[in-house]
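**Student:** Here are the chains, one letter per residue:
Protein chains: 2
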Amino acid sequence: MATIKDIANRLGVSVSTVSKGLNGASDISEELRQMVLDTAVEMGYATKRSKKTENRKLCIFIENMNYESIDEFGYDIVLGFKQNAFRHNWDVDIVPITPTFQAEEKYDTYMLKNGYCGAFLVGFALHDEWMRQLEDTTMPTVLFDNFIANNPNVCYIGTDSYEGIGMAVNHLFKLGHRDIAFLNGSLYSMVSDQRQEAFESSMTELGLEIRPDLMARGYYVSDSAKYHVPGFLAAGATAIVCGNDLIAKGVMEECVQRGFRVPEDISVIGFDDISLAATYNPPLTTIRQERNELGKCAYVILNSLIHHISISKTLLRPKLIERESTTRREG
Amino acid sequence: MATIKDIANRLGVSVSTVSKGLNGASDISEELRQMVLDTAVEMGYATKRSKKTENRKLCIFIENMNYESIDEFGYDIVLGFKQNAFRHNWDVDIVPITPTFQAEEKYDTYMLKNGYCGAFLVGFALHDEWMRQLEDTTMPTVLFDNFIANNPNVCYIGTDSYEGIGMAVNHLFKLGHRDIAFLNGSLYSMVSDQRQEAFESSMTELGLEIRPDLMARGYYVSDSAKYHVPGFLAAGATAIVCGNDLIAKGVMEECVQRGFRVPEDISVIGFDDISLAATYNPPLTTIRQERNELGKCAYVILNSLIHHISISKTLLRPKLIERESTTRREG
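Taken in sequence, the protein lines are chains A and B. Okay, so the first sequence: first residue is 280 according to the numbering used here, each after it adds one. Okay, so the second sequence: first residue is 280 according to the numbering used here, each after it adds one.
Honestly, the hints are just simulated from the structure, not real lab data. Do not rely on the hints blindly, as some may be mistaken.
Same chains, same label: a pair holds when it works inside one copy or across any pair of copies.
Below are the DSBU-like pairs computed for lysine-lysine, each with C-alpha atoms no more than 30 Å apart in a straight line [as the list claims (entries may be wrong)]: (1) Lys592 <-> Lys284; (2) Lys385 <-> Lys505; (3) Lys385 <-> Lys361; (4) Lys505 <-> Lys392; (5) Lys336 <-> Lys453; (6) Lys336 <-> Lys598; (7) Lys385 <-> Lys598.
Predicted model only: the values in this text are computed from it and were never measured.
So that you can see chain A by itself, here it is in the shape it has in the complex (with noise of 0.2 Å):
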């Protein structure tokens, strides 16, 4: 665990600086101290910060994801929550959660014997038993990419999946591709259908015919291109939007073992922007989810949930990164 001293070198800064920032000293600029308090919490700095207010604990559930390293797709999520968490002198706890430990211990429960003021969730799915406790939660949560309706003390945060597939649609026309398949994730998730939704509206609004031969649903992984990305070649796709960018890994891969050059034969679009996709090869245009705003988002909704303050749903907004694996269509 990094220690002040880490910090200090970290930023080249005085060991005295650093405390300063770590304890909201007057004397050092607004700037400094969150630069100081960022870097702490990225290198996992922890504190005992048991001062006049006490229990001023959050906590981040976090399931189906992986966040521990840099390249991950909840790392920034996490650190985003945090940073903004720890600059209002909040402890965060991280819970992985699976679904045996939820049929075990109720959420409130669980909440309220930790001592927690409010939680993020991240990475649940539909049919998993917290969801369905979450319904009548007293727990100020925030809750990513689900939204539960009628409880004031659950806020659903995520990317506006609806302009985000709408971009990669439109990117692709103007592109000059009429056959664009869709590769969706999984069918038990709340951003698949609106990503379903909003691809079909997409093709809509621009004239493009809704083939049932060139969408599919399998999973957020990328052994699901197998399955469905020779059908859409069969049927004649000059560009592939996927899910995610894992799924656009496995079907530039299938793509090629196939015979097809991406992007001179298909264009292939993914979704989130993890850090390796730029590494993919062809580095890969994708729709880009603002994590580390996410987790700094989150925060925000967390502590006004807190405050009373019944915030039903906050999206952020995606941006279209181009990159190599998406071109203009040949002839």
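Dock chain B against the given chain A, drawing on the hints supplied.
**Tutor:** Frame of chain A; chain B shown alone:
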């Protein structure tokens, strides 16, 4: 992004003249200043957002909405925004706006000229000139009850209409009503569209028929009731959902004038919970928009946009407020 030097080159004037124009110095002509501002906007010049500590000025532009006395719809929205902004050392100007003003003055130019770092727009209509300009504004802008696609500088904030209308319809359904009418607000409004969709899907989810003779769109005023309530009554409505509280007031008066008692013969439910709703005869059951919280959140979102966190959409939860204008359906 254009610099002051770029603007100076384009206009063939010195950098210090451009600087004076941008900062509103008194020793250049109004005409030259306007030219500097227009060119700055045209070239995409944007003031550096986060670091300025002078010029901490935000603006609320307000149209089609009263806000000056405590019983008016806009009062708490404006108050909440100002409360949060003042807490963070921002000055807030409130500028009432007309369509004529929008035709004469460009949004970005006006913002730049007055040194505003961001704005909150309330009460604008879909066909307003500034709404069109928001599609490519570079100014951090939060927009109440309207959505601008694909511009990362603009965020939509409002109350979840879908959940609100769902609460109203479900409340009436539980009271035994089946012939539920909907008198919606004006045609050229995004929230009216959302509420229409919400009404129809709520009815469908409950297995109730969507009857064109029990739906109408008027305006957000009491008078609206005169034209549509007689038809609803003739068609056998036992309950009427209204687009806002003013419409509900007109509906209740119209019912009574035609010999129907509220709520014994007809249940009526409003939307908004303006402060007068509790004083209506009978006191109005309605769907509350938490307007002070909307204003507070609008500030939080605007502050995020200023710091380049592109929030696209934020919705707050509505609340069902049960008073005396709805009751169980007899017989």
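**Student:** Failing hints, ascending?
**Tutor:** Per hint list: 1, 2, 4 and 5 violated.
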